[in-house]
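Participant: From first to last, the protein sequence lines stand for chains A and B. All the letters of the first sequence, read from the start, carry residue numbers 229 to 706 under our numbering. All the letters of the second sequence, read from the start, carry residue numbers 229 to 706 under our numbering.
This list has only true hints and no planted wrong ones.
It does not matter which identical chain is used: a pair holds within one copy or between any two.
Taking lysine to any residue and the SDA-like style, the derived pairs with C-alpha atoms no more than 20 Å apart in a straight line are:
hint, residue 1, residue 2
1, LYS705, ARG632
2, LYS677, ALA236
3, LYS677, PRO231
4, LYS677, GLU233
5, LYS677, GLY589
6, LYS677, ALA603
7, LYS677, PRO230
8, LYS677, GLY253
9, LYS705, GLU637
10, LYS677, GLY250
11, LYS677, GLY251
No lab work stands behind these hints: they were computed from the structure.
Read off the chains here:
Number of protein chains: 2
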Amino acid sequence: MPPEEFRARAHEAVEWIADYLGGVGDLPVFPSVAPGDVRAELPTSAPEAGEDPSRWLEDFRSIVVPGLTHWNHPAFFGYFSVTGSGPGILGEMLSAALNVNAMVWRSSPAATELEEVVLAWLRELLGLPEPFDGVINDTASSSSLYALAAAREIAFPEAHARGLFAMPRGRIYASTEAHSSIEKAVLTLGFGQDGFRTVEADDAFRMRPEALARAIEEDVAAGIRPVAVCATVGTTSTTSVDPVARIAPIAARHGAWLHVDAAYGGAAAVAPEMRPLMEGWEQADSIVVNPHKWLFTPIDCSVLYCRRPGALRAAFSIVPEYLRSAEESEVRNLMDYGVSLGRRFRALKLWFVLRYFGREGLAERIRAHVRMARALAGWIDDAPGWERVAPTPFSTVAFRFVPRDADAEEIDVLNQEILDRVNASGEAFLTHTRLRGSMAIRLAIGNLKTTEAHVRRAWELLDQAARASVNERTATKT
Amino acid sequence: MPPEEFRARAHEAVEWIADYLGGVGDLPVFPSVAPGDVRAELPTSAPEAGEDPSRWLEDFRSIVVPGLTHWNHPAFFGYFSVTGSGPGILGEMLSAALNVNAMVWRSSPAATELEEVVLAWLRELLGLPEPFDGVINDTASSSSLYALAAAREIAFPEAHARGLFAMPRGRIYASTEAHSSIEKAVLTLGFGQDGFRTVEADDAFRMRPEALARAIEEDVAAGIRPVAVCATVGTTSTTSVDPVARIAPIAARHGAWLHVDAAYGGAAAVAPEMRPLMEGWEQADSIVVNPHKWLFTPIDCSVLYCRRPGALRAAFSIVPEYLRSAEESEVRNLMDYGVSLGRRFRALKLWFVLRYFGREGLAERIRAHVRMARALAGWIDDAPGWERVAPTPFSTVAFRFVPRDADAEEIDVLNQEILDRVNASGEAFLTHTRLRGSMAIRLAIGNLKTTEAHVRRAWELLDQAARASVNERTATKT
Chain A
229 MPPEEFRARA HEAVEWIADY LGGVGDLPVF PSVAPGDVRA ELPTSAPEAG
279 EDPSRWLEDF RSIVVPGLTH WNHPAFFGYF SVTGSGPGIL GEMLSAALNV
329 NAMVWRSSPA ATELEEVVLA WLRELLGLPE PFDGVINDTA SSSSLYALAA
379 AREIAFPEAH ARGLFAMPRG RIYASTEAHS SIEKAVLTLG FGQDGFRTVE
429 ADDAFRMRPE ALARAIEEDV AAGIRPVAVC ATVGTTSTTS VDPVARIAPI
479 AARHGAWLHV DAAYGGAAAV APEMRPLMEG WEQADSIVVN PHKWLFTPID
529 CSVLYCRRPG ALRAAFSIVP EYLRSAEESE VRNLMDYGVS LGRRFRALKL
579 WFVLRYFGRE GLAERIRAHV RMARALAGWI DDAPGWERVA PTPFSTVAFR
629 FVPRDADAEE IDVLNQEILD RVNASGEAFL THTRLRGSMA IRLAIGNLKT
679 TEAHVRRAWE LLDQAARASV NERTATKT
Chain B
229 MPPEEFRARA HEAVEWIADY LGGVGDLPVF PSVAPGDVRA ELPTSAPEAG
279 EDPSRWLEDF RSIVVPGLTH WNHPAFFGYF SVTGSGPGIL GEMLSAALNV
329 NAMVWRSSPA ATELEEVVLA WLRELLGLPE PFDGVINDTA SSSSLYALAA
379 AREIAFPEAH ARGLFAMPRG RIYASTEAHS SIEKAVLTLG FGQDGFRTVE
429 ADDAFRMRPE ALARAIEEDV AAGIRPVAVC ATVGTTSTTS VDPVARIAPI
479 AARHGAWLHV DAAYGGAAAV APEMRPLMEG WEQADSIVVN PHKWLFTPID
529 CSVLYCRRPG ALRAAFSIVP EYLRSAEESE VRNLMDYGVS LGRRFRALKL
579 WFVLRYFGRE GLAERIRAHV RMARALAGWI DDAPGWERVA PTPFSTVAFR
629 FVPRDADAEE IDVLNQEILD RVNASGEAFL THTRLRGSMA IRLAIGNLKT
679 TEAHVRRAWE LLDQAARASV NERTATKT
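Only chain A is shown next, with the shape it has when bound in the complex (with noise of 0.2 Å):
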């Protein structure tokens, strides 16, 4: 595409995202659409000439964008809610031209170089020590295999040549509300899931220190290896924050690698006051927080800090001779801290995020996102049938309605019923988990364009739809 082409096409592009940006909230964050429909309105081959760029940008605006569920949305409550801002986008626009891999340093200086002074500043903000070592991964999934990883190299010295056959079990442990992409890579690693065990967690589903303790305890004399504990600061179901200080010296004792899943929670560190949410996680040997969660980058930015760099290098630094270079030893190779090679220059949009709104302005939203949530979680409380299943440490609230008659089915199938009313109508986007088998709808909240508007509207949605369901229900019987 000559560049004078891609000028105009690219203008027309920025108008198009700033309306979308400026007029998000107007459109259903879910779209009404069937599995298929999308692909049906698609062609099955690839046009055998090029077509204009009016063409596929038209297709992109009327059959993609209304297939697509807006996590752009000030009104998306599902999963974890997170925000593209403007300064990740222009992050992206400009690594895209440019194109480059960060692969070594010489592939592209600037790319590594940025990348080690960005983490640093986010490490500082996050009031994290020096010894902690960063890299960018794509996304949580990674990070936490890559540090998983690391704390195999350590248990298992000897696996580096040999594999894990012949040696004894090895385990790695986390509570029943860790995020499932512990347990994948633990099975990536080839642990098996014999080599995930899940330690119970207590009323306010945080991990038990003492089941932990207990736990390691047995499978040590029963001969198995304690590879790694994980530690959730912000559970992807309720947000609950594990005792990390109270595991800290738990996985110490055992000589097991202490990894700490921060992904969503983590960012509140930016905010002193929510630091007692992180206590003990200084002693992890690896954390993981996601600035595509909720410090409003584009996804996809998953940092991993390592306490023990050197662990991962061991694990994953492979240098083939065409990436070999004069200047390897005085510089960091960033493929050598995980499985991806080639890196995309994700640093540059984290970059412009912090200078953008700087640690004040980081701050100020996290607040504004935990008050709109306690908010919630006051009206719930308040709300005679509501109730909120679990503490709202964060900006993230679980929660769901109990009618005084309904068994524990009845109240399941309500509760579905209620989260599909809302999402039917197109303001308001929520998700759902299962705590101790039972439904729980949860509304998560950060996207910087929430306001407090928007929540209340979506609990006049939950209210109105449980109402109606009520009613229903009662018309049913009678």
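Keeping the supplied structure of chain A fixed, place chain B upon it in accordance with the hints.
Facilitator: Just chain B now, kept in the frame of chain A:
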């Protein structure tokens, strides 16, 4: 950032990008920076208060850009040369603004379905049969890891539950010329270095099938399970092509998974006359092709085609409650095919690229790159003192300067000097490899802006550098 501020800044960014794309050819391809230079220009902490975008956009231009290696430069001939094309950049811009996560169908229906559609298009463009099911990953390193995890699932069904502990040893085979990501995957999966057996290559750096057969037979006799064979279509050092059609029956005979790493070379199948190079790849269990390498799509975009997607799902599908939804039986949830849960909307840029160029346009550009490489190969073959060190089946040429009176060590030193001189000129950027212990220079062609004049100029620079180095050496000796 308010939408109107974004609009203004993004138009500014587009102006910069269009100027960059038009003028990058005038910049030095490789920057004249030493390790630490870029870092030294940046503050050590994030700003306390937010900064005006003009400040960080200016720092981007004046500090970051001069420290980059320009991958989008027409004379970037290093590693594998790539293109962040206009339509691809437009795709990344829109995808960053939408910020959707294509982890499950529900989290963004159109993103999942467009990925299915565009990968069916690409499969047809490559001439692969329908049973191949595609999924987009970040890089070939991840794609190969996921494929080999599926292979492990088949070879060690018991390991899913129990891990590799107490299992008979397993091995993965690849030629001595295979990409380092294969060994990294083997280590990540818990097989250890001993779980990776390299197979001898022939004079043209292609895996010797008879050596593979012998290696597997030896191992089977020793009680080792053959898990997978990785064949390469376009090795990194010399773009050599393993004889997949002869390797496939050997893998099949032993029940080993056949993975084809065609991350670079596979793209050439868009031009039907290149397909003899891929002969037999349709018999593979999995194939990786990277549109971000030679299909003009900005990094990152790696496609894994798999004939046994059930094995990928068996390896990776763990569906926690908060990701369950009513549509599960009817839709595909792409998170089930690999490690990463979070998935960017990468299909969009690939869709734009395929529509902008069409089949003909892609084939024509690939042919042009191959033609330029053949021209260079001819110049090298005709030039006294120069020799190609491998055949040139695609668009990458491997060669070296071999003056008559020099010994092996002198030749290596001389070629390193030549490479350093050319790269220091800023007019072209090349990288090297080692083949059977000897240094070789690589010139990879893959940028859409590259013309024969750029290749001709690089060749002049190489030849001048060779003469200058020889003259200096002669002067020193006398």
